[in-house]
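2 protein chains.
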Amino acid sequence: MKKIMNKSKDVVTQLLSGVAFAHEEILERVPKTGILLRRHRVSNQVAVISGGGTGHEPAHSGYIGDNFLAASINGPIFTPPTLEEILMAIELADQGAGVFLVIKNFEADVSHFLAAEASAIAKGHLVKHVIVNDDCSIEKVNFKKRRRGVAGTVFVHKIVAGAAAKGHGLAELAQLAEDVVSSLNTLGVALAPGTLPGTDKCQFQLAESEISFGIGIHGEAGYREEPLESSEKLANELVNKLKSQYTLKGGSQLAILVNGLGSTPYMELAIFTNDVRRLLELEGIQVRFKKTGNFMTSLNMAGVSLTFLELKDEQWLNYLMLPTDAYGW
Amino acid sequence: MKKIMNKSKDVVTQLLSGVAFAHEEILERVPKTGILLRRHRVSNQVAVISGGGTGHEPAHSGYIGDNFLAASINGPIFTPPTLEEILMAIELADQGAGVFLVIKNFEADVSHFLAAEASAIAKGHLVKHVIVNDDCSIEKVNFKKRRRGVAGTVFVHKIVAGAAAKGHGLAELAQLAEDVVSSLNTLGVALAPGTLPGTDKCQFQLAESEISFGIGIHGEAGYREEPLESSEKLANELVNKLKSQYTLKGGSQLAILVNGLGSTPYMELAIFTNDVRRLLELEGIQVRFKKTGNFMTSLNMAGVSLTFLELKDEQWLNYLMLPTDAYGW
Numbered sequence: 001m002k003k004i005m006n007k008s009k010d011v012v013t014q015l016l017s018g019v020a021f022a023h024e025e026i027l028e029r030v031p032k033t034g035i036l037l038r039r040h041r042v043s044n045q046v047a048v049i050s051g052g053g054t055g056h057e058p059a060h061s062g063y064i065g066d067n068f069l070a071a072s073i074n075g076p077i078f079t080p081p082t083l084e085e086i087l088m089a090i091e092l093a094d095q096g097a098g099v100f101l102v103i104k105n106f107e108a109d110v111s112h113f114l115a116a117e118a119s120a121i122a123k124g125h126l127v128k129h130v131i132v133n134d135d136c137s138i139e140k141v142n143f144k145k146r147r148r149g150v151a152g153t154v155f156v157h158k159i160v161a162g163a164a165a166k167g168h169g170l171a172e173l174a175q176l177a178e179d180v181v182s183s184l185n186t187l188g189v190a191l192a193p194g195t196l197p198g199t200d201k202c203q204f205q206l207a208e209s210e211i212s213f214g215i216g217i218h219g220e221a222g223y224r225e226e227p228l229e230s231s232e233k234l235a236n237e238l239v240n241k242l243k244s245q246y247t248l249k250g251g252s253q254l255a256i257l258v259n260g261l262g263s264t265p266y267m268e269l270a271i272f273t274n275d276v277r278r279l280l281e282l283e284g285i286q287v288r289f290k291k292t293g294n295f296m297t298s299l300n301m302a303g304v305s306l307t308f309l310e311l312k313d314e315q316w317l318n319y320l321m322l323p324t325d326a327y328g329w
Numbered sequence: 001m002k003k004i005m006n007k008s009k010d011v012v013t014q015l016l017s018g019v020a021f022a023h024e025e026i027l028e029r030v031p032k033t034g035i036l037l038r039r040h041r042v043s044n045q046v047a048v049i050s051g052g053g054t055g056h057e058p059a060h061s062g063y064i065g066d067n068f069l070a071a072s073i074n075g076p077i078f079t080p081p082t083l084e085e086i087l088m089a090i091e092l093a094d095q096g097a098g099v100f101l102v103i104k105n106f107e108a109d110v111s112h113f114l115a116a117e118a119s120a121i122a123k124g125h126l127v128k129h130v131i132v133n134d135d136c137s138i139e140k141v142n143f144k145k146r147r148r149g150v151a152g153t154v155f156v157h158k159i160v161a162g163a164a165a166k167g168h169g170l171a172e173l174a175q176l177a178e179d180v181v182s183s184l185n186t187l188g189v190a191l192a193p194g195t196l197p198g199t200d201k202c203q204f205q206l207a208e209s210e211i212s213f214g215i216g217i218h219g220e221a222g223y224r225e226e227p228l229e230s231s232e233k234l235a236n237e238l239v240n241k242l243k244s245q246y247t248l249k250g251g252s253q254l255a256i257l258v259n260g261l262g263s264t265p266y267m268e269l270a271i272f273t274n275d276v277r278r279l280l281e282l283e284g285i286q287v288r289f290k291k292t293g294n295f296m297t298s299l300n301m302a303g304v305s306l307t308f309l310e311l312k313d314e315q316w317l318n319y320l321m322l323p324t325d326a327y328g329w
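Protein sequence lines, in the order shown, are assigned to chains A and B. Residues in the first sequence are numbered consecutively from 1, following the UniProt record's numbering. Residues in the second sequence are numbered consecutively from 1, following the UniProt record's numbering.
It should be emphasised that the hints constitute simulated quantities derived from the structure, not laboratory data. Hints are not guaranteed to be accurate.
Pairs count within a copy or across copies, as identical chains cannot be separated in the list.
Unchecked claim - No more than 27 Å apart at the CA atoms, straight line, and that leaves these computed lysine-lysine pairs for DSSO-like:
| no. | residue 1 | residue 2 |
| --- | --- | --- |
| 1 | K201 | K2 |
| 2 | K312 | K243 |
| 3 | K241 | K290 |
| 4 | K9 | K312 |
| 5 | K2 | K140 |
| 6 | K9 | K201 |
| 7 | K166 | K32 |
| 8 | K241 | K2 |
| 9 | K128 | K233 |
| 10 | K201 | K243 |
| 11 | K290 | K32 |
| 12 | K9 | K123 |
| 13 | K290 | K2 |
| 14 | K140 | K201 |
| 15 | K32 | K233 |
| 16 | K7 | K201 |
| 17 | K2 | K233 |
| 18 | K123 | K2 |
| 19 | K7 | K233 |
| 20 | K243 | K9 |
With these hints in hand, go ahead and build the complete structure from the sequences.
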């Protein structure tokens, strides 16, 4: 699979150098690390930081900026950063009011981030966290919910960081983050699998005419394959699966995120967004906030995920709408 | 080729409905037309408008906003809008100070836009235009320059609209636009051809291991195919070809645009950007402004284009840097 890259071993460091150059007004790379740090430091405010493996661009560096993240920690492709780098990021980001970690629910991510949190606390930092588990797909083998952390994570970033920018403390942010996560669901579908740099092998097999429901953001296959009939049918399936996670009624208020998985053009995302709009309008569900674009990708996977956040508090909407210079928003 | 869409005949109207919904705070669709109009009208200021076929998303609607376009006119896929729709957009956008048209250099685009300009002038509007011809690739058959209007067009939008927002009149904008265009060059390369909605046919043939230099933004093949060796080699070829259009030296100042053609992930664009940075640094050429992302796509074509604008006037940089709420910037 052709990719615009050099040696496989250099992909992550060259990616980070490219991001640091392209957005040098906003962020800087801590030399020889996977840490990207916001240039403008704000004191007397909790620093919200996030991270994980690379391969999800513009996540997570695209959310560094005003009213948003103070830093991102970027590991190898689809592999979380080390305890040491997370700890270093906490120490660099802490401006005296503590650090809040947004962690995606994958075993290795949770383990590294929580170990770094413990180390930082032992060193005298105030640190709290939330574990985002918005994926409501099921496992093919046992039909259990997967509840991984996927694209909805960017809504958590924005809301929690917005509250931090408005002066809320760590304990309040932790409660807010839990409330948001419990109201957040995402479901993704692949039209084509991704390929890792340096390989020709697709991350899973998918017939030319089929799509895979319930995929992950590390190239994981979904729970069911079936033909792609139309954007409308796809929107119908995702909207219904997401709705089943709530007790929505006419007048319920949502924020929605239509997320491209890496190689799906904006045209298709916009057509899909239009179909989601029509379905929700039919039911009288109000979309108070929406984003359409590439927010949390999976290398060059083709496809889309849909996120619902039920807006249970008007403040969440205010935080989502705060202006930012973050390049991924 | 699987695409997230419904019936082929509905692609454009559903795309425009999706865009109008996703960005309803910024723009609105004029019902039953391909016109997207900025909600906020600014009087005593020239309205800068642009357009062309669809299939280039986020162009051109992604450039509607503060300090940017007042409207975009969107035709069928890769087909310019009609004289009538362009004329209607001019009439709707004119707030009394006239309208400036940014036209990409394709025969049908130029013919429709100039006919609409003539009609609008006959109706009493003040209208001027620029024809953008930044493509510096060559035709395979006769080695003539193609000089189509491609991704660099978004720099023309931003600079001319910035000057309009600062109160410059039509005649000044026309001169400014000519100066910018004469300093603007773009070259694109495809890793994989695009496919039109409703067909399985690639727009041109390309061996699995090869890339095509000098492609257009309507799926046109380039002037030469060769294997993709590395991002570095690709950057080297594009930088050298672009440099040959100028007499750059150490201290020369550029704005650069690294543009994804539709299905190329941000990771690859960032790695390529990093290679361009290294090459320009070696020569002491200063990059004063840069953008990396999908700005002027060609459906689901994979690949990248590189644009150089030699900054001959400090004001151009100021206009590029003016803040905007346009969703494609």
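Discussion item. Need the list of violated hint numbers for this structure, in ascending order.
Written reply: Going through the list in order, the structure violates hints 4, 7, 9, 10, 12, 18, 20 and respects the others.
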